[in-house]
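J.: For the numbering used here, add 11 to where a residue sits in the sequence shown, where the first one is 1.
For the record, the hints were derived by calculation from the structure and aren't laboratory data.
For clarity, every value in this text was computed on a predicted model and none was experimentally measured.
Be a bit skeptical, because a hint or two may be false.
With a cut-off of at most 25 Å between alpha-carbon atoms, the simulated PhoX-like pairs for lysine-lysine come out as follows [to be verified]:
id	residue 1	residue 2
1	Lys391	Lys507
2	Lys507	Lys392
3	Lys374	Lys392
4	Lys129	Lys333
5	Lys142	Lys374
6	Lys391	Lys108
7	Lys153	Lys166
8	Lys129	Lys142
DEER-style ranges, computed between Cβ atoms [unchecked claim]:
id	residue 1	residue 2	range
9	Leu298	Gln334	30 to 40 Å
10	Thr283	Gln204	41 to 51 Å
11	Gln185	Leu255	39 to 49 Å
12	Arg231	Arg252	55 to 65 Å
13	Glu128	Pro345	23 to 33 Å
14	His479	Arg373	15 to 25 Å
15	Ala143	Lys374	51 to 61 Å
Backbone N, C-alpha and C define an ideal beta-carbon position, used for all residues, glycine too.
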Amino acid sequence: MNLVDGSKPAGNLVSNTADKLLLPTTPEAVGDLLPVVRVRGTLAVAVLGAVLIAGLLYLVLGRLPITVTGHAVIVVRHAVMPLESSAAGRVERWLVKPGDRVEQNQPVAVVGQPLLEKEIEALQQELAELKASQQAARALFKETALLERNTLTNKTSAITDRIAVTEQELIEFQQLTAAAIEQENEYFQEREQELLQLKALETRQAAELVQRLERAQRLREKELITEEQLFAAREAVTDQRVVLARVDVRRLELNRARLTAAENNLKALKETREREQAAAALRQDLLEALADAARLDRDVADSEHQDRLERTRLQRRIIGRKQTLQENREIRSPLAGQMLELMVAAGSVVGPGSRMGTLDTRKKSDRFEVVAYFPIGAGKKIVPGMLMELSPTVAGVVSLTGEGGAQPVTGPSLTYRKLLARVDSTSQLPISPTAAALTVGSEAITAGLMGAGSRVEVIAQLQPDLDHPSGYVWAGGGTEFDVAAGTTLFARTVIKQRPPLSFVVPALKEWPGFN
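Can you build the whole structure from these sequences, using the hints too?
T.: Laid out in structure tokens, this is it:
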């Protein structure tokens with residue numbers, strides 16, 4: 012190393028020489044350098060202040076999202092349904108295989124019903140025995156009824172004849188009685204008229220005799236007639252009075268005869284009433300006999316009706332059991348769709364409500380929904396209206412058929428865009444795996460989504476975008492994935508946003524209105 016002046020290196024010497032050349036040598040040069048220094052310092056302070064102010068504003072006014080995460084799947088809810096047995100029995104054979112298309116009400120399996128078949132045989136045997144016993148009882152009953160009907164017919168005929176005779180006798184008696192009464196009335200009227208005329212005549216004659224007696228008495232006083240003549244006049248008056256008394260007696264006898272005739276008429280009227288009562292009694296007997304005949308016919312009809320009802324009731328039971336056998340024997344598809352899986356083999360015994368298979372009833376026009384499962388602590392913070400971001404899992408897509416089993420559910424894939432959905436509802440209580448499987452339609456997918464522990468079920472609706480080819484709203488960058496039923500997703504939901512300062516100073520979280 013070469014040294015200058017024996018103490019400093021050559022490089023330092025050159026540097027010191029340059030610094031000396033840059034330093035101002037006059038006061039005017041120093042004044043020219045001062046504004047440049049002030050401008051540079053002001054700019055530095057301004058930039059630093061702006062950065063500090065922006066940082067403070069961000070700490071106070073900025074928002075950092077607080078999110079909860081879970082696992083979701085795109086489904087058509089209630090489109091995948093179980094195929095259940097309606098009764099107990101043994102599976103004889105399947106009429107379809109997995110993957111076949113089935114129509115609504117199409118038979119898919121045959122289940123034997125040995126107990127029901129034995130019950131139908133027993134009912135048919137009971138019906139045959141009932142018909143035989145009813146036929147024997149009906150023959151005996153008809154024979155008895157025939158004898159009783161003949162008796163009632165004879166009784167009715169006899170009563171009818173007696174009624175005819177009695178009514179004829181009554182009519183004749185009434186006619187004779189009326190004729191006799193009329194004749195008696197005419198006779199009594201004629202006799203009464205004769206006696207009245209006779210009395211009037213005898214009364215006039217008695218008056219004349221009295222006048223003669225008075226003239227005779229005057230003449231005797233003058234002694235113009237004898238005593239014998241006067242006595243004769245008196246004797247004539249007395250005789251005439253006797254005649255008048257006899258007329259009165261005859262009238263009394265006529266009245267007595269009239270009273271006797273009236274009594275006889277009353278007796279005839281009483282006899283007429285008795286005859287009428289006898290005829291009425293006969294008519295009543297006839298009505299009772301006819302009623303007995305009608306009652307007998309009704310009893311016969313009721314007996315036949317009851318027998319027919321018993322047979323019909325038993326026949327209806329047989330028909331009903333046969334219909335039940337037909338319905339239970341054939342397992343029919345409740346809806347049109349595709350048979351996904353058969354869960355029991357031919358020869359297996361199933362009970363009422365046993366799950367025999369799985370049916371996919373999805374249609375192209377069905378709307379997709381998102382079913383997400385969150386831990387209880389996170390799921391309780393989600394409310395309807397919140398936005399949910401959906402990303403496909405690294406494991407990819409799992410179809411609703413569950414082929415190959417449940418895929419492992421991991422974190423979101425960073426190479427895809429986020430599909431947006433709006434929370435529609437959340438379950439109030441933790442969802443059971445069975446209920447979740449009914450919603451999702453696959454126990455395998457449900458097991459992969461729920462994992463261990465209790466979960467809250469969240470239903471979200473995909474946000475529509477008619478201008479986008481997929482028809483849905485997307486966010487972020489990357490590749491868009493296929494939206495199809497069975498796609499497992501990683502769900503991320505923003506439950507709130509907080510200022511960054513609240514993370515630095517936790518006490519600020521409690522200030523009302525700060526968050």
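J.: Next, verify each hint and record whether it holds.
T.: Now the hints, each set against the structure:
Proposed proximity of lysine 391 and lysine 507 is supported: the alpha carbons are some 13 Å apart, at most 25 Å. Of the supplied pair hints, the one linking lysine 507 and lysine 392 holds, its CA atoms being roughly 9 Å apart against a limit of 25 Å. Distance hint between lysine 374 and lysine 392 is unfulfilled; the C-alpha atoms sit about 34 Å from each other, more than 25 Å. Taking the CA atoms of lysine 129 and lysine 333, the gap is about 11 Å. The hint holds against a cut of 25 Å.
This hinted pair does not check out: lysine 142 and lysine 374 have alpha carbons roughly 55 Å apart, beyond 25 Å. The hinted pair formed by lysine 391 and lysine 108 fails the criterion: a straight-line CA distance of about 43 Å is larger than 25 Å. Restraint check for lysine 153 and lysine 166: the C-alpha separation of about 19 Å stays at or below 25 Å, so the hint holds. The hinted pair formed by lysine 129 and lysine 142 meets the criterion: a straight-line CA distance of about 20 Å does not exceed 25 Å.
Between leucine 298 and glutamine 334 the CB atoms are about 50 Å apart, so this pair departs from the stated range of 30 to 40 Å. For the pair threonine 283 and glutamine 204, the beta carbons lie near 30 Å from each other, so the given range of 41 to 51 Å is not met. Between glutamine 185 and leucine 255 the C-beta distance comes to about 42 Å, which sits within the given range of 39 to 49 Å. Taken as a hint, the range 55 to 65 Å is violated for the pair arginine 231 and arginine 252, whose Cβ atoms sit roughly 21 Å apart.
Take glutamate 128 and proline 345: their Cβ atoms lie about 25 Å apart, and the range 23 to 33 Å holds. As the Cβ distance of histidine 479 to arginine 373 is approximately 22 Å, the hint placing it in 15 to 25 Å holds. Between alanine 143 and lysine 374 the C-beta distance comes to about 58 Å, which sits within the given range of 51 to 61 Å.
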